[in-house]
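**Student:** Each chain is listed here by its residues.
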Amino acid sequence: MMKRLLFLLPVVVFAVIAGYFLWGLAPERDPRDVPTAMLDKPVPDFDLAAVPGLNVPGLATADLAGGGVVMVNFFASWCVPCRAEHVYLSALTGETGVPLYGINHRDKAEDAVAWLAELGNPYQRVGADPGRAAVEWGVTGVPETFIVDDAGRIRWHHRGPLVPEIIERQVKPLLAALAP
Amino acid sequence: MSLRSLLVALSLLLAAPAFAVEPSEMLDDPVLEQRARALSAEIRCVVCQNESIDSSNAEIAHELRVLVRERLVAGDTDQQVLDYLVARYGDFVLLRPPVKPATYLLWFGPFLILLFGVVAVFVFFRRQRAAATLPPALSVEEEARLARLLGDQAAEEERPEKA
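So the protein sequences, as listed, match chains A and B.
Numbered per our numbering, the first sequence spans residues 1 to 180.
Numbered per our numbering, the second sequence spans residues 1 to 163.
The following block holds chain A by itself, in its conformation from the complex (with noise of 0.2 Å):
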């Protein structure tokens, strides 16, 4: 008996092997993502000024607590994926009313500005990073996202640019459950 099963081992290697395989393949499966451990802690302690010439205020830790659900997006005139989530970011704030700080990172104001003017301007605050404030929030880079709480809790962080899939897919769900 024992020497039967016995047999069964190379198969059975194969399998978890095979099993291995199929985890690290899958498209979904980004091997390059960064884990996000800022998930459920408070926002940062920052304080950022507002982009000069930019008729929005900045943005500070003072001003994510208290105020319902808001949304977090961290952006750049020099990043070219940002150009392409604007449309989503503005058709998202528009639709559900929920309120997108941005945080200009790395930025030239004038180019900022520019920016802003060219392709609408969705965010009621901006702050202006010189590089500092993505570490405090754990950023890797230009665009994340993150959506914080009434109580100034991070719930949700996102790399790279929103695209509509993951708005329908985790966005607008997590929106709604957080919304009194």
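Because the hints were derived from the structure by calculation, they are not lab data.
Not the full set, but computed from the structure, chain A residues with beta-carbon under 7 Å of chain B:
(1) Val34
(2) Pro35
(3) Ala37
(4) Gly131
(5) Thr140
(6) Gly141
All residues carry an ideal CB built from backbone N, CA and C; glycine is no exception.
Using the hints, position chain B against chain A.
**Tutor:** Chain B alone, transformed into the frame defined by chain A:
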């Protein structure tokens, strides 16, 4: 010509490995700067992924190098600096994964496989030695029975097939 190529080869040998640390980032205190360099070599640049912030030219690596130095100047221990970064980027930011239950398999797995191999080799050689020692010779009764069985078979084969 050969002298020149020799000189080129020599100068290549003498060239120090390039680091990304810019002079403006360096601290005046050589002890703190040394700690910052050692720490930077352990921290992953989160956009270039397999480079440490000590050798990466990415902007975020520059930001993290400056931050590491700021925290060291502020009096943080090395561990406090790493904890600060892990709280924001997770264990991913460490180039050397920490030893904890989730990474036991990673750290000890190779030794486990080695142990399996040693046991397998041991068992294999023991079996081979057991096979090499022949069983005791047949007894008289067994010889007689064997002859009878073989005889039967021979008789069977000689018998012509019935149609």
